[in-house]
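*Asks:* Sequence lines, in order, name chains A and B.
Each residue of the first sequence is one higher than the one before, counting from 1 in our numbering.
Each residue of the second sequence is one higher than the one before, counting from 1 in our numbering.
One thing to keep in mind: the hints can contain errors.
What the hints assert, rightly or not - Where chain B lies over chain A, by a calculated footprint (3+ residues, C-beta under 8 Å):
1. 8-21
2. 24-33
3. 79-86
As the list claims (entries may be wrong) - Away from chain B, derived, C-beta distances all over 10 Å, residues of chain A:
4. I2
5. N51
6. H53
7. N59
8. T66
9. A67
10. L70
11. L75
Hints listed in this document are in silico derivations from the structure and should not be mistaken for laboratory results.
Quick caveat, the model's predicted, so the values are computed rather than measured.
Where a beta carbon is used, it is the ideal one built from N, C-alpha and C, also for glycine.
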Amino acid sequence: MIDMILDVTIIGFALFLSFISWVAYKKSGMKSILFLLLAFLLFGIKKALENLHILTKVNEGTLEITATLLELIILLLFFIAVVKKD
Amino acid sequence: MTHREEILQYIRQNPGITFRRLADELGIGIGNLQYHLYQLEKEDLIFSKKLGGKRYIFPKEFEKEYEPLLIAISNETQRKILLLLAEKDMNQREIAERLKLTQATINYHMNVLSKLGIIERRKEGRNVIYSLKYDIEIIIRVISEYRPKLWDKLADRLIDLMLTLKGGEIND
Numbered sequence: 001m002i003d004m005i006l007d008v009t010i011i012g013f014a015l016f017l018s019f020i021s022w023v024a025y026k027k028s029g030m031k032s033i034l035f036l037l038l039a040f041l042l043f044g045i046k047k048a049l050e051n052l053h054i055l056t057k058v059n060e061g062t063l064e065i066t067a068t069l070l071e072l073i074i075l076l077l078f079f080i081a082v083v084k085k086d
Numbered sequence: 001m002t003h004r005e006e007i008l009q010y011i012r013q014n015p016g017i018t019f020r021r022l023a024d025e026l027g028i029g030i031g032n033l034q035y036h037l038y039q040l041e042k043e044d045l046i047f048s049k050k051l052g053g054k055r056y057i058f059p060k061e062f063e064k065e066y067e068p069l070l071i072a073i074s075n076e077t078q079r080k081i082l083l084l085l086a087e088k089d090m091n092q093r094e095i096a097e098r099l100k101l102t103q104a105t106i107n108y109h110m111n112v113l114s115k116l117g118i119i120e121r122r123k124e125g126r127n128v129i130y131s132l133k134y135d136i137e138i139i140i141r142v143i144s145e146y147r148p149k150l151w152d153k154l155a156d157r158l159i160d161l162m163l164t165l166k167g168g169e170i171n172d
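Chain A on its own, in the form it takes in the complex:
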């Protein structure tokens, strides 16, 4: 039960950070912040995917690969956000 509450909190926080990034992007027009937004959003999606088995039957192997792939994409997005020139 506690892990479920923590996961929901993480998803909520990821969505909140995505929203903050969206506001920051709208204010500044900095493209690098769009990459941050995507990273936060994907982080929330990854967490939701990891809990998908509660709602429906899914292949755990596929889910694991997808989650790992998302982790890689998230890291890449953070990297691009920091190094990209606006």
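Got chain A sorted already, so can you dock chain B onto it with the hints?
*Replies:* Structure of chain B alone, referenced to chain A:
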């Protein structure tokens, strides 16, 4: 002078005044003031804009000037820069030191303010000095009434964080 003329005159003397302050300073009831402002807007003598939960009221002749000002004050660092420049003209290094931010971050915000036409730069020897192009009283009045939302504050900090991380690479 009618009540409505008195309100219009007060707005012309205090462009950017908020609805609540106008009601307080003129001692007019909210409903009564709302009615007169509605009529003045209908007659195209004033206009109002909502920002940060406050309604700012401007005389019609201020229409071209208000937008850049409201855009400028919607960012925390830019508000601080404008308040510093209201004290005295400064160069970027002094502003960066006072606000404890990197010069790259300040440079970004100065460019934004400059493009909006709120500040102007002049060369003094090897120094570039910045000064306000707007009426100081209006800037201070509008900023002092501005109450940013939590996400606005966080977004402003995120922008400054990204600018600091990127150092001098920002060109816009």
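*Asks:* Is the nearest CB of chain B more than 10 Å from the CB of A:I2?
*Replies:* Label holds. Min Cβ-Cβ 28 Å, cutoff 10 Å.
*Asks:* Beyond 10 Å from every Cβ of chain B: is that where the Cβ of A:A67 lies?
*Replies:* holds, 26 Å
*Asks:* Are there at least three residues in the region 79-86 of chain A whose beta carbon sits under 8 Å from a beta carbon of chain B?
*Replies:* Since three or more residues must qualify, the claim that chain B covers the region 79-86 of chain A holds, with 4 doing so at under 8 Å.
*Asks:* Closer than 8 Å Cβ to Cβ for three or more residues is the test here. Does the region 24-33 of chain A pass it with chain B?
*Replies:* It holds, with 7 qualifying residues against the three required.
*Asks:* Examine each Cβ of chain B, and state whether all of them lie more than 10 Å from the Cβ of A:T66.
*Replies:* holds, 28 Å
*Asks:* Would the least Cβ to Cβ distance between A:N51 and chain B come out above 10 Å?
*Replies:* Correct as stated: the minimum Cβ-Cβ distance to chain B is 26 Å, above 10 Å.
*Asks:* Please verify the coverage claim for the region 8-21 of chain A: does it have three or more residues whose C-beta sits within 8 Å of some C-beta in chain B?
*Replies:* holds (count 3)
*Asks:* For A:N59, which was marked as not at the interface, is the minimum beta-carbon distance to chain B over 10 Å?
*Replies:* Non-interface label on A:N59 holds, nearest chain B Cβ at 37 Å vs cutoff 10 Å.
*Asks:* Can we confirm that no CB of chain B comes within 10 Å of the CB of A:H53?
*Replies:* holds, 33 Å
*Asks:* Does A:L75 clear chain B by more than 10 Å, comparing its Cβ with all Cβ atoms of that chain?
*Replies:* holds, 16 Å
*Asks:* Can we trust that A:L70 is non-interface, i.e. its beta-carbon lies farther than 10 Å from all of chain B?
*Replies:* With a cut-off of 10 Å, A:L70 remains clear of chain B, as the shortest Cβ separation is near 22 Å.
Every hint, counting from the list given before, is met by this structure.
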